[in-house]
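Participant: Taken in sequence, the protein lines are chains A and B. Numbering of the first sequence is given in the working numbering, commencing with residue 1 and proceeding in unit increments. Numbering of the second sequence is given in the working numbering, commencing with residue 1 and proceeding in unit increments.
Check before you lean on any hint, since a few could be wrong.
When the alpha-carbon atoms are kept at most 25 angstroms apart in a straight line, the in silico SDA-like pairs for lysine to any residue are as follows [unchecked claim]:
#  : chain 1 : residue 1 : chain 2 : residue 2
1  : B       : 29        : B       : 110
2  : B       : 215       : A       : 36
3  : A       : 24        : B       : 222
4  : B       : 184       : A       : 47
5  : A       : 49        : B       : 236
6  : B       : 29        : B       : 162
7  : B       : 237       : A       : 59
8  : B       : 176       : A       : 6
9  : A       : 5         : B       : 232
10 : B       : 217       : A       : 43
11 : B       : 206       : B       : 117
12 : A       : 24        : B       : 178
13 : A       : 12        : B       : 232
14 : A       : 24        : B       : 182
15 : B       : 215       : A       : 62
16 : A       : 11        : A       : 23
17 : A       : 11        : A       : 36
18 : A       : 16        : A       : 27
19 : B       : 215       : A       : 61
20 : B       : 176       : A       : 40
21 : B       : 29        : B       : 109
22 : A       : 16        : A       : 47
Ranges between beta-carbon positions, derived for each pair [unchecked claim]:
#  : chain 1 : residue 1 : chain 2 : residue 2 : range
23 : A       : 11        : B       : 116       : 46 to 54 angstroms
24 : A       : 10        : B       : 217       : 15 to 23 angstroms
25 : A       : 43        : B       : 59        : 28 to 36 angstroms
Worth flagging that the hints you see were computed from the coordinates, not collected in a lab. On a predicted model such as this, the values are computed, not experimentally measured, just so you know. Idealized CB from N, CA, C, for every residue including glycine.
Read off the chains here:
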Amino acid sequence: MIDVKINGENKKLEDKINIADFLKNNNIDPIEVTVEHNSEIVNQENITKVILEEGDTLEILRFVGGG
Amino acid sequence: MQIDLERYKRQLSIKAIGKHGQQKLFNAKVLVCGAGGLGGPALIYLAAAGIGSIGLCDFDVIEQSNLNRQILYNHADIRKQKAYIAKEKLEKFNPDVKVETYSEKLTEENASDIFKNYDVVIDAVDNFQSRYLINAAAYRSSITIVCGAVCEFEGILTVAVPKENTSCFQCIYPIKPSSELTSKTFGILGAIAGTIGSMQALEAIKFILGLHCLKNKVLIFNGIENTYRIRSISKRKDCPICK
Ligand SMILES: [Zn+2]
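Let's have the full structure, built from the sequences with the hints guiding it.
Facilitator: Here it is as structure tokens:
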């Protein structure tokens, strides 16, 4: 188990996981969100390469633009 | 101008407002871009509070499918120009308020010309392209932006103050959404737009009064879970707008 912080909340994950798989497991379509891993923006092309590890923070913000 | 003591009685009694604050509100110039689901409630509450000069920028006509959320309009207004109907209603609502309309599409070219006449711009538009445009133009004109947006049961709200060198909308969404996403039409619920639109009016009012506002932060509202989360947004070193 690893401890991570997702959108400000402490969470436990089974194991290290790449961002793409993490989003998929949480039913989040990657094109609909902006992802920040340890305060760095994650580009779409890198979401399979960036790994969520012990102590990491992840911010996922949906593109909200309507009015 | 003499303050109407009766009309504003219930807010004059608020310590942080009083006659001095009411005068500040009357002297303020606020531009609302988009007179729809967010802009409607924002405009009504700005007018109600006694903002002396309100600009409204919208080139659309009223359609039947607007009426689930755009509370400034009713069935009889369908096919009429939004800017024209909104001005008429707001001036009837509060005769103290002067309303200027811009019924043209906001572009890089005309934005600075319009923005220079205002202290605050309320970003209440319905698409990302216009939001990036408003953010950039407001930084060029050094006017405060109160940005609100909604999608289904969610909403976001943030304030950027170029004069105080704060972070901006583009720091929140540095990578623009794909065309695949922006071509989709997402649902909007009137009560969610009403919540965020009212909060936009509130942030503008607090900024004018010199009170605390959502600078360097974004508020994320989830209408299903009944949660508000406030997240810090720092200026990005590589932001082309607020750098
Ligand atoms: Zn920025």
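Participant: Each hint should be assessed against the structure and marked as holding or not.
Facilitator: Hint-by-hint comparison with the structure:
1. Distance restraint check for residue 29(B) and residue 110(B): the Cα-Cα separation of roughly 18 angstroms lies within the 25 angstroms cut-off, and the hinted pair is therefore satisfied.
2. Pair hint residue 215(B) plus residue 36(A) holds up; C-alpha atoms about 20 angstroms apart against a cutoff of 25 angstroms.
3. Only pairs whose Cα atoms come within 25 angstroms are accepted, and residue 24(A) paired with residue 222(B) is accepted, the gap being roughly 21 angstroms.
4. For the hint pairing residue 184(B) with residue 47(A), the CA-to-CA distance comes to about 22 angstroms; that is within 25 angstroms, so the pair holds.
5. Between residue 49(A) and residue 236(B) the CA atoms are separated by roughly 23 angstroms; this keeps the pair inside 25 angstroms, and the hint holds.
6. About 17 angstroms separates the Cα atoms of residue 29(B) and residue 162(B), which keeps this hinted pair within 25 angstroms; it holds.
7. Using a Cα cut-off of 25 angstroms, the hinted pair residue 237(B) and residue 59(A) holds, with the two alpha carbons roughly 18 angstroms apart.
8. Restraint check: the Cα-Cα separation between residue 176(B) and residue 6(A) comes to about 22 angstroms, which is no more than 25 angstroms; the hinted pair holds.
9. In summary, the hint linking residue 5(A) to residue 232(B) is supported, as the alpha carbons are separated by about 15 angstroms, within the 25 angstroms threshold.
10. The hinted pair formed by residue 217(B) and residue 43(A) meets the criterion: a straight-line CA distance of about 22 angstroms does not exceed 25 angstroms.
11. The hinted pair formed by residue 206(B) and residue 117(B) meets the criterion: a straight-line CA distance of about 20 angstroms does not exceed 25 angstroms.
12. A threshold of 25 angstroms between alpha carbons decides the hint, and for residue 24(A) with residue 178(B) the separation of about 18 angstroms falls inside it, so the pair holds.
13. Proximity of residue 12(A) to residue 232(B) is assessed by CA-CA distance (about 23 angstroms); at most 25 angstroms being required, the pair is judged to hold.
14. Proposed proximity of residue 24(A) and residue 182(B) is supported: the alpha carbons are some 21 angstroms apart, at most 25 angstroms.
15. Proposed proximity of residue 215(B) and residue 62(A) is supported: the alpha carbons are some 20 angstroms apart, at most 25 angstroms.
16. Between residue 11(A) and residue 23(A), the direct Cα distance comes to roughly 14 angstroms. Compliance with the 25 angstroms bound is thereby established for this hinted pair.
17. As the CA atoms of residue 11(A) and residue 36(A) are separated by approximately 16 angstroms, the hinted pair is consistent with the 25 angstroms bound.
18. The suggested pairing of residue 16(A) with residue 27(A) holds, with an alpha-carbon distance near 18 angstroms, which does not exceed 25 angstroms.
19. A hinted pair counts as satisfied when its Cα atoms are at most 25 angstroms apart, and residue 215(B) with residue 61(A) qualifies at roughly 18 angstroms.
20. Of the pairs offered as hints, the one joining residue 176(B) and residue 40(A) holds, with about 16 angstroms between alpha carbons and a cut-off of 25 angstroms not exceeded.
21. For the given pair, residue 29(B) sits about 21 angstroms from residue 109(B) by alpha-carbon distance, which is consistent with the 25 angstroms threshold.
22. Restraint check: the Cα-Cα separation between residue 16(A) and residue 47(A) comes to about 14 angstroms, which is no more than 25 angstroms; the hinted pair holds.
23. A hinted range of 46 to 54 angstroms for the beta carbons of residue 11(A) and residue 116(B) is consistent with their spacing of about 47 angstroms.
24. For the hinted restraint 15 to 23 angstroms between residue 10(A) and residue 217(B), the CB-CB distance of approximately 21 angstroms keeps it satisfied.
25. For the hinted restraint 28 to 36 angstroms between residue 43(A) and residue 59(B), the CB-CB distance of approximately 35 angstroms keeps it satisfied.
Going through the hint list in order, the structure satisfies each hint without exception.
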